[in-house]
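Protein chains: 2
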Amino acid sequence: MKSRSGKNPATTLADLGEDRFVADLTRGFAAGADVLVGAGDDCAVIGRPRDRRWQLLKTDAVVEGVHFVPEEDPRRVGWKALCRAISDIAAMGGVPAHALVTLAAAETTAFARVKALYAGLRQAARKYGVALVGGETSRSPGPLFLSIALTGWVERRHCVLRSGGRPGDSLYVTGRLGGALAGKHLDFRPRLEEARWLVSHFTVRAMMDLSDGLAADLPRLAAASRCGYSMDDNRLPVTPGCLPTQAMSDGEDYELLFAVAPRFCAALEAAWKRRFPRLLLTRIGALKHRSKAGNRNASRGYDHFAQR
Amino acid sequence: MKSRSGKNPATTLADLGEDRFVADLTRGFAAGADVLVGAGDDCAVIGRPRDRRWQLLKTDAVVEGVHFVPEEDPRRVGWKALCRAISDIAAMGGVPAHALVTLAAAETTAFARVKALYAGLRQAARKYGVALVGGETSRSPGPLFLSIALTGWVERRHCVLRSGGRPGDSLYVTGRLGGALAGKHLDFRPRLEEARWLVSHFTVRAMMDLSDGLAADLPRLAAASRCGYSMDDNRLPVTPGCLPTQAMSDGEDYELLFAVAPRFCAALEAAWKRRFPRLLLTRIGALKHRSKAGNRNASRGYDHFAQR
Numbered sequence: 001m002k003s004r005s006g007k008n009p010a011t012t013l014a015d016l017g018e019d020r021f022v023a024d025l026t027r028g029f030a031a032g033a034d035v036l037v038g039a040g041d042d043c044a045v046i047g048r049p050r051d052r053r054w055q056l057l058k059t060d061a062v063v064e065g066v067h068f069v070p071e072e073d074p075r076r077v078g079w080k081a082l083c084r085a086i087s088d089i090a091a092m093g094g095v096p097a098h099a100l101v102t103l104a105a106a107e108t109t110a111f112a113r114v115k116a117l118y119a120g121l122r123q124a125a126r127k128y129g130v131a132l133v134g135g136e137t138s139r140s141p142g143p144l145f146l147s148i149a150l151t152g153w154v155e156r157r158h159c160v161l162r163s164g165g166r167p168g169d170s171l172y173v174t175g176r177l178g179g180a181l182a183g184k185h186l187d188f189r190p191r192l193e194e195a196r197w198l199v200s201h202f203t204v205r206a207m208m209d210l211s212d213g214l215a216a217d218l219p220r221l222a223a224a225s226r227c228g229y230s231m232d233d234n235r236l237p238v239t240p241g242c243l244p245t246q247a248m249s250d251g252e253d254y255e256l257l258f259a260v261a262p263r264f265c266a267a268l269e270a271a272w273k274r275r276f277p278r279l280l281l282t283r284i285g286a287l288k289h290r291s292k293a294g295n296r297n298a299s300r301g302y303d304h305f306a307q308r
Numbered sequence: 001m002k003s004r005s006g007k008n009p010a011t012t013l014a015d016l017g018e019d020r021f022v023a024d025l026t027r028g029f030a031a032g033a034d035v036l037v038g039a040g041d042d043c044a045v046i047g048r049p050r051d052r053r054w055q056l057l058k059t060d061a062v063v064e065g066v067h068f069v070p071e072e073d074p075r076r077v078g079w080k081a082l083c084r085a086i087s088d089i090a091a092m093g094g095v096p097a098h099a100l101v102t103l104a105a106a107e108t109t110a111f112a113r114v115k116a117l118y119a120g121l122r123q124a125a126r127k128y129g130v131a132l133v134g135g136e137t138s139r140s141p142g143p144l145f146l147s148i149a150l151t152g153w154v155e156r157r158h159c160v161l162r163s164g165g166r167p168g169d170s171l172y173v174t175g176r177l178g179g180a181l182a183g184k185h186l187d188f189r190p191r192l193e194e195a196r197w198l199v200s201h202f203t204v205r206a207m208m209d210l211s212d213g214l215a216a217d218l219p220r221l222a223a224a225s226r227c228g229y230s231m232d233d234n235r236l237p238v239t240p241g242c243l244p245t246q247a248m249s250d251g252e253d254y255e256l257l258f259a260v261a262p263r264f265c266a267a268l269e270a271a272w273k274r275r276f277p278r279l280l281l282t283r284i285g286a287l288k289h290r291s292k293a294g295n296r297n298a299s300r301g302y303d304h305f306a307q308r
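Chains as they are written, first to last, in this note's numbering: chain Y, 1 to 308; chain P, 1 to 308.
Hints were generated in silico from the structure; no laboratory data involved. Do not rely on the hints blindly, as some may be mistaken.
Unchecked claim - What the simulated footprint calls covered on chain Y by chain P, stretch by stretch (three residues with Cβ under 8 Å from a Cβ of chain P suffice, anywhere in the stretch; the number is not a length):
id : region
1  : 113-123
2  : 135-141
3  : 146-158
4  : 270-277
As the structure is a computational prediction, the values presented were derived from the model and not from experiment. A virtual CB, placed ideally from N, CA and C, is assigned to each residue, including glycine.
Work the whole structure out from these sequences, hints included.
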């Protein structure tokens, strides 16, 4: 894709790719006096710099035929829709609070299906302490569309952005990556408890949740932190039965990717094992100074992974 | 539609109708300690009873083929999408603050079209003091879908619900009704300034914005206030060139419908004329005690208008 966006009227969204097109659309979004972080991180952050607590805002949608197949158990679809947004609040170190649900569905949709979808939403809401405070519905001439708007909060001192990483920081991921397409993506548990524990006990410099796969998301975190990175492919925590390429690119892992200063690594790893003995924590690499030569990556298989 | 929802697995959304189906879905939505108003009003209201200010939350979506035709100027579509949500904040007596934009569009969508849509969003945001703080995008295999999540705030003493009306209160509407389908619905101005002025100078007991037409919305306001109502059809402020049935049922007027105690009517009408000389304010009827005999309505043409 060489043409500059907007120059060629025939340019489509597919030509641009999501990162380019979102960056282009949200450029110049008004940053009011109380907008601490606007578009570009997992959540927007609202508040004044010295407030003790900040508000987090997130919106996220699942679309039939894109994020789930029509035959899918609607209860799992509802669960997933809310958990995706909760995962983004977790990735800021925050706590989710209030959710609004926007549903567009064909008039011929069975009410039982929509009810089951809401049952999944309620289940996730109860589990993670979210209050469902509103529902908006619309007719849709096309696929079922479910959008979640979620608010949350985070103590100022615990708020973690994507942009706080520094060269030399160690990079960690939770859990195992890959294989979400086999079904895990509908039942995943957002790493809310883990993220809260992390930000309460350690200085986490940068964090995000892995929704598009490490191959896409790690470069985003590094770029937000104005860093390069190196990765040790041999340490990649691959889901049993999956290939490393799947672990890198399947996406929808909803695990945490985060950066901490190397001097805390030993203490973090020991404390993690005691606190979450059943959840893997893997040091997969480090942030580096940016270099024009691109990022060092142990694997030669991931050229698309180079810094763009 | 006689069957009870959920009893018959073949029941569709069209069978139930929106009010029934939203009420059914949102029943038992967790009302956390800080949820003052959940589903069922124009916005959710968040806060503690004695807070000086409360937060308002609203989500609203427009769908291609339902709320606008594919050929429509995308700038007007963006304007409309944000203004619909602003209108709901206004109807609570509040001030809009931060918006998040969720867009689902086919990969083949021209980027220029999406850009124009965002230009309309920005225009509305600038005009009404809203900060656009995030954008989420998704592929859609179907129509273009645009969902807005909007936060706002309102002073506790100025917050107006649908449910505060009392028998005897006079009912007013702003502007003229009907004819939105001819194009007005894409360029309307949410009555933000008017609503703020109203709540600052008068005790408005109940208010909502007219999105589905007076024939659908007036019974909603009356029911929320546990009242019946009477209406004087001869006073209906019909848009020139429209029929009274259009004024009642076209919808998408985005005017205010509100209730005030009769002792304030003369002062309100006089002050309104001075403050908004170019915008009509019409007393269309009154809230009544509920009676099993249904509502008195001067027009015999609106049987669907009876209390359900």
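Evaluated hints:
1. By the rule of at least three residues with a Cβ nearer than 8 Å to a Cβ of chain P, the coverage given for the region 113-123 of chain Y holds, with 4 such residues.
2. Requiring three or more residues with a Cβ within less than 8 Å of a Cβ of chain P, the coverage given for the region 135-141 of chain Y holds, as 7 such residues are present.
3. For the region 146-158 of chain Y, the proposed coverage by chain P is satisfied: 3 residues have a C-beta within less than 8 Å of a C-beta in that chain, meeting the threshold of three.
4. For the region 270-277 of chain Y, the proposed coverage by chain P is not satisfied: 0 residues have a C-beta within less than 8 Å of a C-beta in that chain, short of the threshold of three.
Going down the numbered hints, you'll see the structure goes against just number 4.
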